[in-house]
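Protein sequence lines correspond, in order, to chains A and B.
Position in the first sequence (first residue = 1) + 51 = our numbering.
Position in the second sequence (first residue = 1) + 50 = our numbering.
The hints are simulated quantities; they were obtained by calculation from the structure and are not laboratory data.
In this text, a Cβ means the ideal position worked out from N, Cα and C, and glycines have one as well.
Everything hinted at is true.
Example chain B residues on the side facing chain A (calculated, C-beta under 8 Å, incomplete): (1) Leu254; (2) Arg346; (3) Leu350; (4) Phe357; (5) Phe360; (6) Ala383; (7) Ser628.
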Amino acid sequence: MQIPFGLIIWSIWFAALYGSHAVACTIAPPDPSLGIFNWLNASFGLVTLAVVVVLLWLGHRSWKLSRPPHDLDERQVFVTKVASGIHFIAALSTVFVGLQLAFLPPCV
Amino acid sequence: MISSFRGSAPSTDPDQLHDQFNDVWGNPRGWRALTIVNHTSIGLRFMVTGGVFFLIGGLMAMLIRTQLAMPGYVLMEPDVYNQIFTMHGSVMMFLFAVPMMEGLAVYLIPKMLGARDLVFPRLSALGYFCYLFGGIILLSSVFLGVAPKAGWFMYTPLSSASHMPGVNSDFWLLGITFVEISAVSAGVELVVSILRTRTNGMALHKMPIYAWYILVMAMMIVIGFPPLILGSILLELERAAGLPFFDTAKGGDPVLWQHLFWLFGHPEVYIIFLPGAGIVSTLLPVFCQRPLVGYRWVVLGVLTTGFLSFGLWVHHMFTVGIPALALGFFSAASMLVAIPTGVQIFAWIATLWLGKPVYHVPMLWLVGFLIVFVCGGLTGVMVALVPFDWQVHDTHFVVAHMHYVLVGGMFFPLMAGLYYWLPHFSGRMPSVRLGRWGFWLVFIGFNTTFLIMHWTGLIGMPRRVYTYDTGLGWDIPNLISSIGSFIMAIGIGTILLDIVLHFRFGQPAKTNPWNADTLEWATSLPPSPYNFVSLPDITDRHPLWKDPDLPHSIARAEHALTTIDHGRRETWGSDPLSGKVREVIHLPGNSWWPFVASVFLAALCLSLLNKVYWGALIATVATLIVLFRWSWENGAHPTAAPDARTQPGEPPLHSRTFDGPGLWGMGVTLLANGTLYLSLLFGWFYLWTVSPEWQVPEQSQLNGWLMLASAVLLTLGTLWMRVIPARLRRGDISGLMGNLGVVTAIGVVQFGTLLWVLLSANLQVTETAHDAVIFVILAYSLIHCGLATICTLLQMLRVHHGYVGEMAPYEPVVVEQLWYYNLGVVWSAYAAIVLFPSAWGGA
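Based on the provided sequences and hints, a complete structural model is requested.
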């Protein structure tokens, strides 16, 4: 679980973003004239930021684990480094997909 | 944990030992060949059958290209043309690409991991027969003139009964679902085998790179196929019984089908590509005679590709009318997936750069792959851009892109792999001259056909038109494409000729003929049914480069697990991370059960197709009886492993522990099942949110209190079930049968309560999609609760027969997982259909 954990978080974030966008647009769509400056983009942005911070922290933690002074064997170093890489990739993916919030208004 | 088993076996003459192994593992001939479950035979059957389906699908492609060669040319009437292009796509995707790659993996994975077989050999056999029968049923529709004709992705409402009243779509829905049983079972099998049967010392970082690719591919099958299985079930229910899931007028939505299809469909592209890329990552180092550059980066790339590919499905639906922000998410994810693929491509180029490439025939195909696939990838990034996609959607540009990705990403590596592993199948080497001719004809033919097709699409030719008028600028490009396709067909013919001739004229292959590094070349050529008479310890990622004598020392029985006089088929069960051996997995032998079960499943499929519902009911009951009878031959059963003794120093048999492959198999199967259920819940919430005519009854007939009672009963049963393995772990078997009896009784009452909920709800399943979805959710829950109850009852009987108990405590742990799963299902169903509507403001 440690290896794919970062991308599992990314998947949940991605599905939640897409699903809640549809739900929010049905219940309380923001005024289109507000453009990107509306409660929905702001909420999504905050959640995205929080997910990125968590992923970066987890990635950093795995990376630190793989380095001295932790005395890990070859297999443990492999697992921690791959896990760290996956967390950083997931963070990058979250930023890249989340950037759409800065350019596109919701529900239109 | 035991670190090494070298030399633990009794000293025996190797020739005599091989004879004894053949007695236990050998394949019968004649009619009894239908009972074979060995992965080598099953893998080969998958590949040969896939090859035949490929030729049929290719023939359909030739018919399409002949028809389109000239404007106004009518080789086929529109209706026949529709059937042919639908079947070409369906055959190539469902009957060739996925099964072929799975077949190759089924064949190779145990050999690469230093194992004797896959963990569930009988499941492999069932998967093969389901594939064979499903494929035959689907293809029979062509010869009956009633083949599916709504395109390989079967969009509703075109494929619905109102627009396509015949059995055409039913053939697709039932045939493909039947074939998918095969895909998912192979997926489960491969995941568990890779994680749990590696030879001693093969830790994750020493695993052959191909196994990483197949692990990700198999997990993707497990998660990616169930949405389509669900979609097919719903559409067939709509067509056969009138449940209006996709009928807008009754609260359904045709776009739901698109979501369910592409939730499967886009990962499918990577399910096909990743094993191809795995072949590339395996072969390139061999032909460059150096390790793959950036093993860890490639693993990262493969894992990332696997995950990101599930976030791309809506890019097939850019023109449907989805809000721009949502399109933006999917467009970004679609571009993002090019990066991990790019990482792999750079790793391959670096390997070529740093090695000393030898251009044997497999290498030609690898270089061809790099060129063709990179082109396909680049046009993939183009269509990931929403405005560009709007311009080329449903044109020949997309057809060209798809073929560059799929033929480049799957067919070219497959051909490389076929030539590379040919000595494995025949014991002989391929011909260089014919092989080169075959490659160049296919490469030139392919690019002639599809490169210009990008242009044909850009100037506006839509896909799937059966003919076109002259003067639109499409005449010359189409003619060139058609000529190219015939050149490609000649190339395929040349390859076939080469393969046939090599069985007679090929040079006999020496041991490890390509000087490869992986363990599949440590078997005899062709391999024996047990692969290795002794199982070696692994200390390096490239075992045959480290110890070139390994094939001989294995054959001399100088390694471990060489005892066979107990008559059991055995392989190591190892730790998923470290690869250290922790139990001996005993595998089931040849059996009629898989064949018989698949025959009944075929009968079920045919009965549904012909709307003979009493026949379907009989076939279902017969299938269940066969499957339960099959499951009976397990653990301490006299035909499985009644004698649990192992050699001194060896670990125990898996059935005498709490952690065998069945536990993992159940877990992975429930993951697939859970994906199907989550897709169903997605459909429910999707329709609530998006369906334009969603209708909620004013007063719900659903008895919420009764459903709550059912959920509480299930919770009680699960908690009671939880006690049973806990006590077994403590070695306490007192009251084992009684406890299982209590859980069974609770299960019966809970099932009855849930059935009462369903029967008393007075659902108008043909009038509203709302009631139809509730019906499916309740039916799904009922089936699973019934299944858990029967399994618990069988456990009770097995305790009575002495097959489960203190010495064989493993099976209740497996069944326990099903109870946990059901708990999640019933409570989430309660939340979705009882609590959510009242909170939302409906009935």
